[in-house]
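As they're listed, the protein sequences go chains A and B. Reminder that position 34 of the first sequence reads as 34 in our numbering, one-by-one numbering, no gaps. Reminder that position 433 of the second sequence reads as 433 in our numbering, one-by-one numbering, no gaps.
These are computed hints drawn from the structure, not numbers from a lab. Certain hints may be false.
Said to hold, decoys possible - Chain A regions said to be covered by chain B (calculated; three or more residues, Cβ under 8 Å):
| # | region |
| --- | --- |
| 1 | 44-52 |
| 2 | 403-412 |
Said to hold, decoys possible - Here are the computed distance ranges between Cβ atoms for each label pair:
| # | chain 1 | residue 1 | chain 2 | residue 2 | range |
| --- | --- | --- | --- | --- | --- |
| 3 | B | V410 | A | A31 | 30 to 38 Å |
| 4 | B | D280 | A | F582 | 25 to 33 Å |
| 5 | A | L5 | B | L63 | 37 to 45 Å |
What the hints assert, rightly or not - Which residues of chain B face chain A? A partial, calculated answer using Cβ under 10 Å:
| # | residue |
| --- | --- |
| 6 | W36 |
| 7 | L171 |
| 8 | L180 |
| 9 | G224 |
| 10 | I291 |
| 11 | V292 |
| 12 | E331 |
| 13 | A332 |
| 14 | Y367 |
| 15 | G371 |
| 16 | S425 |
| 17 | L429 |
| 18 | L433 |
| 19 | I437 |
Ideal Cβ placement from N, Cα and C applies to all residues, glycine included.
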Amino acid sequence: MSFNLLFLVFLFPLLGFLTLAFSRGRISENAAAVIGVGSIGLSAALTALLGFQFLTHPPEGGAYTQLLWTWMNVGGFAPQFSLRLDGLSLVMMSVITGVGFFIHLFASWYMRGDEGFARFFSYMNLFIASMLFLVLGDNLLFLYFGWEGVGVASYLLIGFWYKDPANGLAARKAFVVTRVGDTFMAIGLFILFHELGTLNIQDVMARAAVVWPQGSTTLTIAALLLLGGAVGKSAQLPLQTWLPDAMAGPTPVSALIHAATMVTAGVYLIARTHVLFELSPFALQCVGVVGAVTLVMAGFTALMQTDIKKILAYSTMSQIGYMFLALGVGAYQPAIFHLMTHAFFKALLFLSSGSVILAMHHEQDIFKMGNLRKHIPLVFWCMLIGTMALTALPFTSGFFSKDEILHEAYLTGHTDLWLAGLFGAFLTAVYSFRLIFITFFGPERWRKESHAHHDAHDAHADEAHHGLAANENPHGAKTLDHHIPLLVLLALAIFGGFIHLPLDGVLPHAVIADHHKGGAFIEYLPLIVTLMGIALSWYLFLKNPALPERLKNGAVTKYIGKFWQSAFGFDWLYDKLFVQPFLWLVHINRNDIVDVVITKIPNAFHSAHGFFAATQNGRMRNYAFAMGVGACLVIVVVLL
Amino acid sequence: MNFTEAQWLALLPLLITGASPIVVMAAISVKRHHWWNATLGVSVLNIALLVCAAFLLGPMVGLLPPFVPQQITPLLLVDGYALFYMSLILATTLATGTLLHAYMEGYQGNKEEIYLLLTISALGGVVMACASHMASFFIGLELMSVPLYAMVAYPHKSRISLEGGIKYLVLSAVASAFLLFGMALIYSQSGVLSFAQLAAWASATGGGTVIALTGVAMIFAGVGFKLSVVPFHLWTPDVYEGAPAPVTGFLATASKTAVFAVLLRFFVDGGLYRYVGLTDVLTIIAIASIIVGNVLALFQGNIKRMLAYSSIAHFGYLLVALIAGGPLAIEAVGVYLLTYVVTTLSAFGVVTLMSSPFGERDAAQIYDYRGLFWRRPFLTSILTVAMLSLAGIPLTAGFIGKFYIIATGVNQHQWLLLAAVVAGSAIGLYYYLRVMITLYLLDPQRRRFSAPLHWAQQAGGVMVLGLMLLMLLLGIYPEPFIQVIKAGALSIH
Chain A
1 MSFNLLFLVF LFPLLGFLTL AFSRGRISEN AAAVIGVGSI GLSAALTALL GFQFLTHPPE
61 GGAYTQLLWT WMNVGGFAPQ FSLRLDGLSL VMMSVITGVG FFIHLFASWY MRGDEGFARF
121 FSYMNLFIAS MLFLVLGDNL LFLYFGWEGV GVASYLLIGF WYKDPANGLA ARKAFVVTRV
181 GDTFMAIGLF ILFHELGTLN IQDVMARAAV VWPQGSTTLT IAALLLLGGA VGKSAQLPLQ
241 TWLPDAMAGP TPVSALIHAA TMVTAGVYLI ARTHVLFELS PFALQCVGVV GAVTLVMAGF
301 TALMQTDIKK ILAYSTMSQI GYMFLALGVG AYQPAIFHLM THAFFKALLF LSSGSVILAM
361 HHEQDIFKMG NLRKHIPLVF WCMLIGTMAL TALPFTSGFF SKDEILHEAY LTGHTDLWLA
421 GLFGAFLTAV YSFRLIFITF FGPERWRKES HAHHDAHDAH ADEAHHGLAA NENPHGAKTL
481 DHHIPLLVLL ALAIFGGFIH LPLDGVLPHA VIADHHKGGA FIEYLPLIVT LMGIALSWYL
541 FLKNPALPER LKNGAVTKYI GKFWQSAFGF DWLYDKLFVQ PFLWLVHINR NDIVDVVITK
601 IPNAFHSAHG FFAATQNGRM RNYAFAMGVG ACLVIVVVLL
Chain B
1 MNFTEAQWLA LLPLLITGAS PIVVMAAISV KRHHWWNATL GVSVLNIALL VCAAFLLGPM
61 VGLLPPFVPQ QITPLLLVDG YALFYMSLIL ATTLATGTLL HAYMEGYQGN KEEIYLLLTI
121 SALGGVVMAC ASHMASFFIG LELMSVPLYA MVAYPHKSRI SLEGGIKYLV LSAVASAFLL
181 FGMALIYSQS GVLSFAQLAA WASATGGGTV IALTGVAMIF AGVGFKLSVV PFHLWTPDVY
241 EGAPAPVTGF LATASKTAVF AVLLRFFVDG GLYRYVGLTD VLTIIAIASI IVGNVLALFQ
301 GNIKRMLAYS SIAHFGYLLV ALIAGGPLAI EAVGVYLLTY VVTTLSAFGV VTLMSSPFGE
361 RDAAQIYDYR GLFWRRPFLT SILTVAMLSL AGIPLTAGFI GKFYIIATGV NQHQWLLLAA
421 VVAGSAIGLY YYLRVMITLY LLDPQRRRFS APLHWAQQAG GVMVLGLMLL MLLLGIYPEP
481 FIQVIKAGAL SIH
């Protein structure tokens, strides 16, 4: 077993993608499932072997670089395709292929019977291949290549059910908003290349410290531009608006792309280029502030959502906020640790929610559910454990990682960020258990709802599969391809916190002066706050459900609630700030003044074409004459 | 003749290629059979190609001792450069043979003689690739061109083919006259005909007499016709349109490659870089070819004519490398010709397969390709990649070629030429993409052309599919090919 098999890890999904893409509806569902899931399975197995090798026989210098090929070598321009395996990319690779494999397996159950089954897996494989390229590329250019690749895959998968125009719109919104971030990032890369003359990550890190003094303006700009790319991909303020809409995609997609892997690419990017941020304290501070503000804001918004997937989407946004916060205080290792545990429990939550949605016949509104623990107990336990990990209750993986983040934030003296994180923990507890209490406890709302549903939507007879029928009970799945992913992720969500990540050679530890500052109280505070949140949630949504209803209709609270529900009105604001002015510009420039000038160019070519075409008259005597004249001209010019 | 063993060996590809017309002729006289006669001729060429490839690659991988360059009489010089271009020309001929087989199936007259013409023409190309002397230059050129007249007019009952053939014959004769007269003028001054001796004479005497310069200019007029650069380009669209599609492909690739190979050798070994006036005139020709070729292609509705105009522009790009010179030039020309040949062959390959078997007319109108994607996805993807490659989009072969041209120009600070290349590429995008769009439009109900259902099972289909993969491979991993081309580079004095 040697490291030079590394390229196979991303070759398998790529081949899976190509096979499925070119077999276009010619293969059966089972064959597509075998190819689509199997390719990721092979990658995951190989990753496990490579990881074992890496941990038992670490390569020299803690990293292994595999030169795949030199594209071309022309006049000193010799771009190289190479992969780099170190502790950080190993962790990312394991999460992507490991969690990815189980999500694929789950998807083979979830998507069964969909007409685009093979297409779905081809996109999913494309995504995994791009994501692996993103984390394995040793060059920022290839990282960017993978970055765009996952963007395309995300676009394709959000709009997977393309027959509903709303899904297409959501896909487009995700693509355009992340594109804004990508543009920032591209400019950042241009600056780095211009100033340092290389995009190889190791060289950039080494040279940055030599070329730039601490806090140099150019460096700060470059780092902030990279941050711009990161917030776009990771759905952080101010480019967060696309993530809730992205839930239009099939649920396994939300689990894989919009929870476990792609949205954490921004965290990976900053961790990977942490040297730049270390050199620019301002940029690093921005990272922390973005994370803190996002996590609180997303927490408030999640509190008001009624769509089960949107609650999870805002919670993802909020958890990534924690990772950014951790990066911002220099706690890189806890950030990656939380990235991993979050991948476990959020994938679990999303897959369980997918199971809930199917059990409810494509119903996503939690207020049309209730008491589901009686009907789908396995899913209930998965959801509960996932939520406990999300709220960082002890003995779950989330406890270890979030606790570490908050503690290090406190110890490094970022009291403001720490407070935000603490408040976020409280919010997390409230909204997460709200989801649990409303969905799995309380009255069986779907019983009476189904009647109303039926009456109100008589016109939509063709959507009869939407929601449960009058006398139907939710029923769970009974197959292994449904159970295994849930149970494995369940185990990971509980025990994932005991995994020790091999990050020491790659990422520095946070600078902490006094390890015992604050004492035990500070360490227990997050837990206390969380328990308070759960208690409040229990009181509001289970004990006394009339109270939130009253608040919803209260004079002032009504507006606050609306404000929170609309995610602090960012969609409205961006509409007013960018979309409307743009449309206005389009409107006043209906006749397109610029185009009048530009049209002259094709017109000129049109005339030129007409002129030259007239010389092609097909008469041989003219041709021979032209040759003679041409030869004379050549002779004259040569002699002159 | 007292040839050494090594010289005989070096001559082997030429001898085998020379044997192939004889074999085809004998086979026809024994029994007319389309498949059998064609296969026999192609097999002999295959052996020649294998020998060439073995001589070129053998020393690289250490399997053969290097025994080239070998000067065989003053006429022929077999070196790595010659071997590379011989391989390229032979491979192109083989591809053309495969396409011809699919195409000629429906031809009513005698099908077999076209392979005779094809192999003779290939022999001419091979001679040119190793010509180191004016005489072999001229003989090779004529040996290649004369069968081509007949090949263009092969479907002689078709008015348009006959017209194309006659135009090509007459105008080509004019060009040959220029060429021959130019050589005579140079000989009258220097008294030598070999490229090396010519260079020696020029450096000894300065070589700048009016008559010698006129001679050089006339040679360029003749060669310019074969390469169809402005202002000697007028014949191109008419002949391309008239010729049967596979012959057009051969005309656009093998014939031009051979002429450019010998031109480059003449330029380098003959020491022509010293003539500043010549470089000036080539600069004008290159810029004019790029602009005129691209502009003419813009609104062209006939894909064969469009490719004709596009080839005018492409040889304009190629001249940029020749003019710029410098250490990269030889490599750049090799890479560019390789990528151009692969791309153009696959484009004409698709046109051929669409037009096969021979019918009333070729599927030459862009309209014939409307909505092809919905009927023939693989054929469409091949044409799509070919168009992208012609336009020079990254990760296709065309990009690597164009990148080399630009790198060569930048190295030698040829900013004016580079501006023309950039402008030309921008214009080019329009008409290449226009073809691509047509492919994916809705299928018209009225279908005239539809490639045979099991096209992929035919040799031609497999061949164009291979060409497409090669286009992508060249774009993604060109380094091994570049190494081969470097092994076959000339040294600039």
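Tested hints:
1. 44-52: violated (count 0)
2. 403-412: violated (count 0)
3. B:V410 with A:A31: 30 to 38 Å: violated (51 Å)
4. B:D280 with A:F582: 25 to 33 Å: violated (51 Å)
5. A:L5 with B:L63: 37 to 45 Å: Given about 29 Å between the Cβ atoms, the range is violated.
6. W36: At 36 Å from the nearest chain A Cβ, B:W36 fails the 10 Å test, so the hint is violated.
7. L171: This interface hint holds because 6 Å falls under the 10 Å limit.
8. L180: violated (13 Å)
9. G224: Holds: closest Cβ of chain A sits about 8 Å from B:G224, inside 10 Å.
10. I291: holds (8 Å)
11. V292: Holds - the Cβ of B:V292 comes within 10 Å of chain A, reaching about 6 Å at its closest.
12. E331: Holds, because the Cβ-Cβ distance from B:E331 to chain A comes to roughly 8 Å (cut-off 10 Å).
13. A332: holds (8 Å)
14. Y367: violated (19 Å)
15. G371: The hint is violated - B:G371 has no Cβ within 10 Å of chain A, the shortest such distance being about 17 Å.
16. S425: violated (14 Å)
17. L429: Violated. Min distance 13 Å.
18. L433: violated (14 Å)
19. I437: violated (16 Å)
This entry does not satisfy hints 1, 2, 3, 4, 5, 6, 8, 14, 15, 16, 17, 18 and 19, going by the numbered hints stated previously.
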